[in-house]
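**Q** Model the placement of chain B on the given structure of chain A, informed by the hints.
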Amino acid sequence: MTQDQLVEVVKAKAPTVPVTLYEAGDFADAMQYAVDVTEKKRHCEMLLPKEGEQYGPPSENGFPTLLDRFIAAPGLSDDEFAVLEEKAAGTDITLLRSALRDHMGGFDTSITWADGLVADTVTCVVNSNSEEVRLGTMVAEISIMLVRKSTLLNKLEDANDLLLDLASRGGASYTAFITGPSRTADIERVGALGVHGPLELHIVLLED
Amino acid sequence: MADAKNMKEYHGQIQEALDDKFLRATLDKFAVEYKANRTRIFDGMDVDGLIKEVADIKDNAAQHMMELFAQFKAEAEKRGVHVHLASTGAEANRIIAKIAKENNCHNVIKSKSMTAEEIHLNDALEKEGLRVVESDLGEWIIQLRHEGPSHMVMPAIHLSRYQVADLFTEVTHVQQDREDIQKLVKVARKELRSEYVNADMGISGANFAVAEAGLIGTVTNEGNLRLVTTLPRVHVVLAGLEKLIPTVADALKVLQVLPRNATAQAITSYVTWIAGANECAAGPDGRKEMHIVFLDNGRLKIARDPAFKDILRCVRCGACANVCPVYRLIGGHKMGYVYIGAVGLALTYLYHGADKARALVQNCIGCESCKNVCSAGIDLPRITMEIRSRLVKAEGNNPAGSVMSMVMKDRDRFHSLLKFIKFSQKPLTVKGGRFIRHLPAVLMGGDQSFRQLPALAPKSFRQLFNKVVNNPAQPKFRVALFSGCAQDFIYPEQLVAAVRLLNRHGVHVEFPLKQTCCGLPLEMMGQRETSLQVSSQNVNAFEPGKYDAIITLCASCAGHLKHAYPDLLKDTPDHYRTDIFASKVMDFTSFVYNKLGLRAEDFVKSDEKVTYHSPCHMRNMGITEEPRALLNMVAYYVPAAEEDTCCGFGGTFSVKFPELSAEIGKKKLKNSEDTGASLVVTDCPGCVMQIRGVATANDSPIRVEHISELLARHMK
Numbered sequence: 015m016t017q018d019q020l021v022e023v024v025k026a027k028a029p030t031v032p033v034t035l036y037e038a039g040d041f042a043d044a045m046q047y048a049v050d051v052t053e054k055k056r057h058c059e060m061l062l063p064k065e066g067e068q069y070g071p072p073s074e075n076g077f078p079t080l081l082d083r084f085i086a087a088p089g090l091s092d093d094e095f096a097v098l099e100e101k102a103a104g105t106d107i108t109l110l111r112s113a114l115r116d117h118m119g120g121f122d123t124s125i126t127w128a129d130g131l132v133a134d135t136v137t138c139v140v141n142s143n144s145e146e147v148r149l150g151t152m153v154a155e156i157s158i159m160l161v162r163k164s165t166l167l168n169k170l171e172d173a174n175d176l177l178l179d180l181a182s183r184g185g186a187s188y189t190a191f192i193t194g195p196s197r198t199a200d201i202e203r204v205g206a207l208g209v210h211g212p213l214e215l216h217i218v219l220l221e222d
Numbered sequence: 004m005a006d007a008k009n010m011k012e013y014h015g016q017i018q019e020a021l022d023d024k025f026l027r028a029t030l031d032k033f034a035v036e037y038k039a040n041r042t043r044i045f046d047g048m049d050v051d052g053l054i055k056e057v058a059d060i061k062d063n064a065a066q067h068m069m070e071l072f073a074q075f076k077a078e079a080e081k082r083g084v085h086v087h088l089a090s091t092g093a094e095a096n097r098i099i100a101k102i103a104k105e106n107n108c109h110n111v112i113k114s115k116s117m118t119a120e121e122i123h124l125n126d127a128l129e130k131e132g133l134r135v136v137e138s139d140l141g142e143w144i145i146q147l148r149h150e151g152p153s154h155m156v157m158p159a160i161h162l163s164r165y166q167v168a169d170l171f172t173e174v175t176h177v178q179q180d181r182e183d184i185q186k187l188v189k190v191a192r193k194e195l196r197s198e199y200v201n202a203d204m205g206i207s208g209a210n211f212a213v214a215e216a217g218l219i220g221t222v223t224n225e226g227n228l229r230l231v232t233t234l235p236r237v238h239v240v241l242a243g244l245e246k247l248i249p250t251v252a253d254a255l256k257v258l259q260v261l262p263r264n265a266t267a268q269a270i271t272s273y274v275t276w277i278a279g280a281n282e283c284a285a286g287p288d289g290r291k292e293m294h295i296v297f298l299d300n301g302r303l304k305i306a307r308d309p310a311f312k313d314i315l316r317c318v319r320c321g322a323c324a325n326v327c328p329v330y331r332l333i334g335g336h337k338m339g340y341v342y343i344g345a346v347g348l349a350l351t352y353l354y355h356g357a358d359k360a361r362a363l364v365q366n367c368i369g370c371e372s373c374k375n376v377c378s379a380g381i382d383l384p385r386i387t388m389e390i391r392s393r394l395v396k397a398e399g400n401n402p403a404g405s406v407m408s409m410v411m412k413d414r415d416r417f418h419s420l421l422k423f424i425k426f427s428q429k430p431l432t433v434k435g436g437r438f439i440r441h442l443p444a445v446l447m448g449g450d451q452s453f454r455q456l457p458a459l460a461p462k463s464f465r466q467l468f469n470k471v472v473n474n475p476a477q478p479k480f481r482v483a484l485f486s487g488c489a490q491d492f493i494y495p496e497q498l499v500a501a502v503r504l505l506n507r508h509g510v511h512v513e514f515p516l517k518q519t520c521c522g523l524p525l526e527m528m529g530q531r532e533t534s535l536q537v538s539s540q541n542v543n544a545f546e547p548g549k550y551d552a553i554i555t556l557c558a559s560c561a562g563h564l565k566h567a568y569p570d571l572l573k574d575t576p577d578h579y580r581t582d583i584f585a586s587k588v589m590d591f592t593s594f595v596y597n598k599l600g601l602r603a604e605d606f607v608k609s610d611e612k613v614t615y616h617s618p619c620h621m622r623n624m625g626i627t628e629e630p631r632a633l634l635n636m637v638a639y640y641v642p643a644a645e646e647d648t649c650c651g652f653g654g655t656f657s658v659k660f661p662e663l664s665a666e667i668g669k670k671k672l673k674n675s676e677d678t679g680a681s682l683v684v685t686d687c688p689g690c691v692m693q694i695r696g697v698a699t700a701n702d703s704p705i706r707v708e709h710i711s712e713l714l715a716r717h718m719k
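Chains as they are written, first to last, in my numbering: chain A, 15 to 222; chain B, 4 to 719.
What the hints contain is simulated information worked out from the structure, not anything from laboratory work. Given the structure is predicted, the values throughout are model-derived calculations rather than measurements. Mixed in with the good hints, there may be bad ones.
[To be verified] The calculated DSSO-like cross-link candidates involving lysine-lysine, where the alpha carbons are at most 30 angstroms apart (straight line), are:
| no. | chain 1 | residue 1 | chain 2 | residue 2 |
| --- | --- | --- | --- | --- |
| 1 | B | Lys186 | A | Lys27 |
| 2 | B | Lys55 | B | Lys565 |
| 3 | A | Lys169 | B | Lys256 |
| 4 | B | Lys549 | B | Lys598 |
| 5 | A | Lys169 | B | Lys55 |
| 6 | B | Lys8 | A | Lys163 |
| 7 | A | Lys55 | B | Lys186 |
| 8 | A | Lys27 | B | Lys256 |
| 9 | B | Lys193 | A | Lys55 |
| 10 | B | Lys8 | B | Lys359 |
| 11 | A | Lys25 | B | Lys256 |
| 12 | B | Lys573 | B | Lys412 |
| 13 | A | Lys169 | B | Lys598 |
| 14 | A | Lys27 | B | Lys549 |
| 15 | B | Lys312 | A | Lys54 |
| 16 | B | Lys193 | A | Lys54 |
| 17 | B | Lys8 | A | Lys169 |
Only chain A is shown next, with the shape it has when bound in the complex (with noise of 0.2 angstroms):
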């Protein structure tokens, strides 16, 4: 298949997933989308509160929720954080870049680099021999994926090479498959997003 009918399949696909697709115009376009993402989000549920802190009204979980939005961007280059810093100046977005074990509580978005997407599955695989990026698509609660267009695979089973070339570097390594949100049934069958990570997930498409 081309990149073209690819991508056709992702689009198809990502709405039964549950996946949010955006097609960039280019990084600043995918930077704005997130910033934008962020700032129609309700704010970020505070699930660690702490005595004495304040915090905003109550979720409609009844949890409370952060004064301030957080994006959570592992993973990205000086350069390419400069531009996210550019798209989020002016709002009342903090934007983090580690130590994110001190913000367990929870942060609105994350933005990471998937190394590849299994159109077939709408499966992100990502690199996360980083701890920070291991948390940034936990601990948020909307996980931005940008995936680049010439990193699209067909079937799972074509995923084969880029999971082997990961886990075969040298030293350790750890690699996730991505496909939607959080996820669980575990309550009389009946499905439910975000029982630890994620309420959703977005990929956004990136020309290369």
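**A** Frame of chain A, contents of chain B only:
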């Protein structure tokens, strides 16, 4: 957790489950939806081919377990991991407790692991003073309730939202919403977050241990495993040796089947691949302290046992429970000890011993639904029968089994006994002599009043055959009939109808008199020795070379003769003859449709509304279209709901577990009645006995017939 010491205790536990209305409704709904969802998710894929590939991959891995272990160990050690091998569950528990102690760990957060359940790891760690918290939502719920999982994939499927809400209210000291499941899930999101942060040790299982890269692969939807393996400074993986697999490509192949079969998902939300001690800010030198504990607990021995080795193919998808008519009635707490469903019966025996398994392994109806749905094509009913026979061998025979063996061993004695019963049953018969009146439960080994049992026929088929046969001068085919006990002695009219139809269409029919019971009931009772004797008698009663086909009208006999005989008799002098015999065995329905090629013009079609019951052993032979096509030729066929679900007979099963047989039978009757048909047609005398018996006991007007009777009645 079914741990009944004996059948009486077990029946008590089963009754508790049958009385649980929520459980019954949940599992009923699940059974129907799972089948539909599974079909949808595999649509367009070569499922059988994939299952075969998975079986081959796992077989190959099991035969090279220790080589793979050595390779895995070397690769993992290169990446900074400590690899351990525990020969028993107790040893694995000791190793993990020691790791905790040496690393000064106090709080353990776990992601789901059936292997940890197998060795009761939480109990062992708690005894050492460690605090252990399960993070998978279902596991967390049952941990808080101090109970075991009731399904391998959905551990809390037995609980309602109300039970969960009340539990969460108790745990959080905040009144929780009793209706909104979305909100209940968020309670877990919030409550567990601090547990991840506070834990100093994470324990996970593994779906794959890939030898070529020292790589652990895990499959989850919740993503809890990613936090469990990231935040704490120590990570311990517990994996059965059967999780070892040579390559990433192998793992990706299995991954095409596992989530589809488990939850009808193309893939789970997260598949996590960990090789080596990864970056960890809380760890010594910024690295994780990582250990992998492989568990033997009998696996190496199982790999060398030809009768059991296939069980190591199991990928823990849970599908064998999802399709099991017994699981559907009683749930996992009563159909497994730790491992659940059909594979649970076998694994309980293999990993937890005969004591825990003695009663459990009786609870298989033999419908083979599990075998047909298994991710790796494991013949679970055969393994269950093997366990029964090993229990009999090791522990001596039970009274019912001894009597059965004594009677069946000698065909003359068996047939004389039947003759004796036929003459003495008269005072006990009702409804024109066709049924036996309800006998005291104590005589029957249980209350059989849910169905009216048939009386023996006044004349057996072997007495009638010469009078009814009218072989053509120039036959198109020559066949021999294998009657099976039910039709020979209870329902000879079904065979008489078949002979008439076959003769009319140019088939020469013979009936070798030395044939006897096929042996399936003996296998169900663990009577292997006698089963081999009757199998051999049957194979030698026929001259298979003389016939185009050996036809039977009993689906269960057909399946047993065709598919079990070659395996049962493979190490006996009869093996060569058996292979020819088995190759000639054919069920009546597909003979009539495929071989004889009868079509609409051969019958007079009526407008009677009829429905169909598909016998399990017909489906298992892949015969599904032929009977329905024939029905459409002679009558107005209306499909029933769950036509492809077991009728609840299962031969000796219905005597051992009448309470379960009754429930399944009543459901079958209701589904048939709901079609508005006046007649249920099927192709197995066992199913006729069950459905007709249940219909009669419930005064249902619906009639039940073998397809041979309906076809013969509508012959031109």
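**Q** Are there hints from earlier that the structure breaks, and if so, what are their numbers?
**A** 6, 13, 14, 15, 17
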